[in-house]
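Here the protein sequences come in this chain order: R and X. Numbered according to our numbering, the first sequence spans residues 104 to 341. Numbered according to our numbering, the second sequence spans residues 144 to 663.
Among the clues, some could well be false.
Stated by the list, open to error - Below are the SDA-like pairs computed for lysine to any residue, each with C-alpha atoms no more than 20 Å apart in a straight line:
(1) R:K215 <-> X:S456
(2) X:K305 <-> X:T218
(3) R:K192 <-> X:E468
(4) R:K215 <-> R:D121
(5) X:K486 <-> X:G616
(6) X:K486 <-> R:D197
(7) R:K192 <-> X:P431
(8) R:K192 <-> X:D473
(9) R:K215 <-> X:E468
(10) R:K192 <-> X:L470
(11) R:K215 <-> X:H426
(12) R:K215 <-> X:L471
(13) R:K215 <-> X:T430
(14) R:K192 <-> R:V210
(15) R:K215 <-> X:A462
(16) R:K192 <-> X:F420
What the hints assert, rightly or not - A short list of chain X residues far from chain R (calculated; beta carbon distances all over 10 Å):
(17) S173
(18) S264
(19) A308
(20) T328
(21) L410
(22) S456
(23) L474
(24) V573
(25) N585
Just so you know, these hints were derived from the structure itself, not from any lab. Beta carbons: idealized from backbone N, C-alpha and C, even for Gly.
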Amino acid sequence: MSEGQRATPATILVVDDDEALAEMLQIVLRQEGFDPALCHTGQHALKAFHDHKPDLVLLDLMLPGRDGVDVCRDIRAESGVPIIMLTAKSDTNDVVDGLEAGADDYVAKPFKTQELLARIKTRLRRRPIAEDDAQTIGIGDLVINVTEHTVRRGEEEITLTPLEFDLLLALARRPKQAFTREVLLEEVWGYRHASDTRLVNVHVQRLRSKVETDPERPEIVVTVRGIGYRAGEPKTEG
Amino acid sequence: MKRWVARLNPMRLWARSLPFRVVLTTMSASVIILVATGWFLLDQSSRGIIVGKTQTSVAEASAVVTNMQRDLSTTDLRTTSLGERITRLGRDATNRGQAGNQYFVVIETPISQIGSAGLASASIPESIRASVASGDGLWSTPTLISFTDNRAAEPGLVVAAKLIAPGRATYPIYFLFPTTQERQTLAVVQQATLATGVFLLAGISVVVYLMTIQVLRPVRAARLAAERLAAGHLDDRMAVGGAEDLAGLARSMNHMATELEHKISELEDLSTLQQRFVSDVSHELRTPLTTIRMASEVLYAHRERFDTTSARSAELLSAELDRFESLLGDLLEISRFDAGAAKLSLEVVDLRALIGDEVESLRPLAGRAGSELTLVDDGNCMAEVDRRRIQRIVRNLVTNAIEHGEGKPITVYVRGDVDAVAVAVRDRGVGFSVAEGNQVFNRFWRADPSRGRRIGGTGLGLSISLEDARLHGGWLSAWGQPGGGAQFRLTVPRASGGKFKRSPLPAIPPEMKEPPRATH
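Using the sequences and the hints, build the whole thing.
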């Protein structure tokens, strides 16, 4: 994964059937110093993904050929690359479907350029490692290696997407604190006054399905009723 | 139990039960007819019996009197005295009467009464004494035969005549026929008539009741079918059968139901289609709008490099796009309400804080319009509401007040009571008339078409606010007075689904006496 300072411009794959919008996105992205690549259909999306090896994917949910949600699932099956959905129907289940398929974030049409760029930059920027950060942090029976970006249960390494890693790390850094969904939205997604808690809920579910031994009775990401979530107590065993 | 007693209350039965009404009416009519017939029957039979008795009595008496008169006329006064003779005749007659227990005899002489023993003189009415005294012939009249000993009085008939003795002396003679036998016969006839009447009445009632039930059954079935139709079971039909009229009723009902179902599904389809269309249009517009918006932002960012005309055009394009976008958003929101797809996301919120924040964020806008914005809150204002929708309502109302407030002070009141929490936004601007008040919640309605929109409302704000209020089970009311300003008041129940009878805040500002108003 690319770090905070990059030598080459980040490649962004734009998958959108609307050619005008795709071209406009290309103009704006290029203007911002990114390297955009375009793809207009769902069928070719995965091939374009392989060809360009993008650092981030902008994915329209409604695509001819293959549905955006399916494309999202395909990409997620082989990569943790950040995916931001573009959707005209932000209030429908499409958004939740997309998030559950592994999209990190979504932007509702019509969006402002600045809003989209902010979302993209948040997803590309890796959390800088603070001086006083410990090398490893314990959460439940897991150990997070902050510099290596790895999470281990004993010897077994758990693969997380960058977003899931950020979410877990945010909780683990302040183990005593209960986080509201709004605070997590700001810390992990970079939102200021947003209140779409679906983002947090879906990603907590996805994270739990990977890190919990029993996702029905979570011990790593614990629900705090009426508030939100907190980290499970670190266990110093084995 | 109480309900049963209440249901048996005749007034309520009369009002509610058709069979009861029909049976009661029929019974009343039957009673009148039966009483008339019964009375006629009894009158005729008693008349017949009494007349027959009178005739036989008079005939009997007449025969006896004729015999006595003959005996008396042939009396030789040289051998017997008149008194003796009369006494003997009287005794003979008495014996004859007693033999068949037929009658009593009384002969009145100037000296004494001769005849049956123990009869009270009151048994002979004065009227018949007078009749006898006045002329010849036979008279009869009904009477009550009473006795001087302790025999019970009995009804009877008096037949009176006159015996004429030689020497022209007259002696009234009375025959008293007891009519007990006839009275008894009459009583039996009366009882029989009465019993027949009662049986007939009961029979008629039962028959009428059964008939009414039979006629009402299809009517009831029709009523139930209509009720089920009204409840939305459009595919329900009545069973067609029985007499022609009733089958016709069922057929008509079924026909109506079919037509209704057809029309309703047509309308539903049309309405769904239209809502889908609005929603689809709004969504379809979003992708090109996104492109336009991004393009406009690129142009806007470079406007310093353009000449004045192009630069101003880029600015206008950018500004109008904002308006276009909020219009599209509102349109989509309205289509969501129309489709019934709007859902509350409820949480317990302190409306004082929520509205306080909203007022603070609108203060700069009010300041630019020259209006002073004041918040007056009091009471517990915790309520279970959809935060986003309440925020939107308040923002709409305050923005509206700023737009029409003509720079005069605007006050926002928040107050809670036991059942409800209310927010009122009062401006002192142009206001509106009662007629206009009825239209303020209409979509795209403008108070004065010649007035432009300075702040850029979409014309859907109040419509959306009203829908939001309704979604909460609350009220949104509008009051206005031309030149006196306006007040919009939102009232929501404290708990979702809760009921309230009145708002904690008045609909009309207390300082305004004569209130033109419109409430939705």
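Hints versus structure:
no.: 1; hint: R:K215 <-> X:S456; in the structure: 19 Å, holds
no.: 2; hint: X:K305 <-> X:T218; in the structure: 17 Å, holds
no.: 3; hint: R:K192 <-> X:E468; in the structure: 14 Å, holds
no.: 4; hint: R:K215 <-> R:D121; in the structure: 17 Å, holds
no.: 5; hint: X:K486 <-> X:G616; in the structure: 12 Å, holds
no.: 6; hint: X:K486 <-> R:D197; in the structure: 17 Å, holds
no.: 7; hint: R:K192 <-> X:P431; in the structure: 14 Å, holds
no.: 8; hint: R:K192 <-> X:D473; in the structure: 14 Å, holds
no.: 9; hint: R:K215 <-> X:E468; in the structure: 11 Å, holds
no.: 10; hint: R:K192 <-> X:L470; in the structure: 16 Å, holds
no.: 11; hint: R:K215 <-> X:H426; in the structure: 16 Å, holds
no.: 12; hint: R:K215 <-> X:L471; in the structure: 15 Å, holds
no.: 13; hint: R:K215 <-> X:T430; in the structure: 12 Å, holds
no.: 14; hint: R:K192 <-> R:V210; in the structure: 10 Å, holds
no.: 15; hint: R:K215 <-> X:A462; in the structure: 13 Å, holds
no.: 16; hint: R:K192 <-> X:F420; in the structure: 14 Å, holds
no.: 17; hint: S173; in the structure: 72 Å, holds
no.: 18; hint: S264; in the structure: 113 Å, holds
no.: 19; hint: A308; in the structure: 132 Å, holds
no.: 20; hint: T328; in the structure: 97 Å, holds
no.: 21; hint: L410; in the structure: 26 Å, holds
no.: 22; hint: S456; in the structure: 19 Å, holds
no.: 23; hint: L474; in the structure: 13 Å, holds
no.: 24; hint: V573; in the structure: 34 Å, holds
no.: 25; hint: N585; in the structure: 25 Å, holds
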